[in-house]
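Using the sequences and the hints, build the whole thing.
There are 2 protein chains.
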Amino acid sequence: MLILHGDIRSGNCLKVKWMLDLLGREYRWVEVDILAGDSRTSTFLSLNPAGQVPTLVLEDGRALAQSNAILVHLAESSRWIPTDAWERAKMFEWLFWEQYSHEPYVAVARFQRAYLGWSPDRIESRLMERGHAALARMEAALAGDTWLAGGTGPTLADLALVAYTRVAHEGGFDLAAYPGVRDWIARTEAAFRIR
Amino acid sequence: MLILHGDIRSGNCLKVKWMLDLLGREYRWVEVDILAGDSRTSTFLSLNPAGQVPTLVLEDGRALAQSNAILVHLAESSRWIPTDAWERAKMFEWLFWEQYSHEPYVAVARFQRAYLGWSPDRIESRLMERGHAALARMEAALAGDTWLAGGTGPTLADLALVAYTRVAHEGGFDLAAYPGVRDWIARTEAAFRIR
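Top to bottom, those sequences are chains V and W. The first sequence: position 27 = 27 (the working numbering), numbered continuously. Numbers in the working numbering are just positions in the second sequence, counted from 1, shifted up by 1000.
There is no bait here: all hints are sound.
Covered stretches of chain W, going by a simulated chain V footprint (3 or more residues, C-beta under 8 Å):
no.: 1; stretch: 1058-1066
no.: 2; stretch: 1076-1086
no.: 3; stretch: 1091-1100
no.: 4; stretch: 1132-1144
In short, the hints are calculated from the structure, not lab data. All figures in this text were calculated on a predicted structure; none of them were measured in a lab. Yeah, the Cβ is synthetic: ideal placement off N, Cα and C, and Gly gets one too.
As structure tokens, this is what we get:
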């Protein structure tokens, strides 16, 4: 059986869990409490030397890391990866952008406020500015398209980006300023059966 | 003809250029001087709202961003993307890891030292520590495998990671401590005809 090592509060881990649930795959969830240091034990590091969750262990014991790489692997040949070459390229553009220009700000600010309990004034202003820039970019993209990759249905890009966008308020980002993003969150949650 | 907008000093841009050269694709290079603010003009932002290079403009005018997404698009059906599902998944793992755990440290330290002219003591110690952690992880991976994705030939993972690793010394990272990485750089440069 597949084993998913993850922290249940992490959007990166939840997006993989949602995909496994959606595909009806059998798997076992192993909770890795990042704050308690569970991802830094020698046992965990032997599984994933990068010390990052999620880490998916396949039936034969091989381990795969990086949430978006795991999504791509699990969703191969599914309708969540466009068959059109251009839409697929745009999907990948958003997947890489998510990890480079969204997660390091929106998710990190949320982690510091909601988990570490930091007060708003302790959060670096750079994090908030770049997080808002990421949300503004999504708002602009969604003004013209229903789904991020631009096609007629949702893709992994929507799944990957909804994970931290839907909880952005926990990081101090008021989504009232991004009505298009809010509508898209509801659409995406419905499409991927996220509760 | 394809048009590649890029800063010639950027590893993210060079990796796309190397792939275009390798594939023998005709393209025009448009220099975007990041330090001079070229990626923040309204003309450039209308092309790529994220204001990032490289940006590849296709024959029909559509623009694609994110270096690793561009590589995946250009290299489709080539031998640089493994046909084996596991090796392909590992390739993607490294591509996402590169942008999340390597580039933000190794490339940023290099940018600050080599381009902004900062002295070594001005570079955040966190950047150097995480950059060294990334190099150590590569050294460990390459102790067991010739190529990062684990197969018998080089993949996009090697191309993406060599871009900033081969110039890591410009960021103050002494590669003498990583002999496996140094050998791999030479192999990878030869495989992708990087001069």
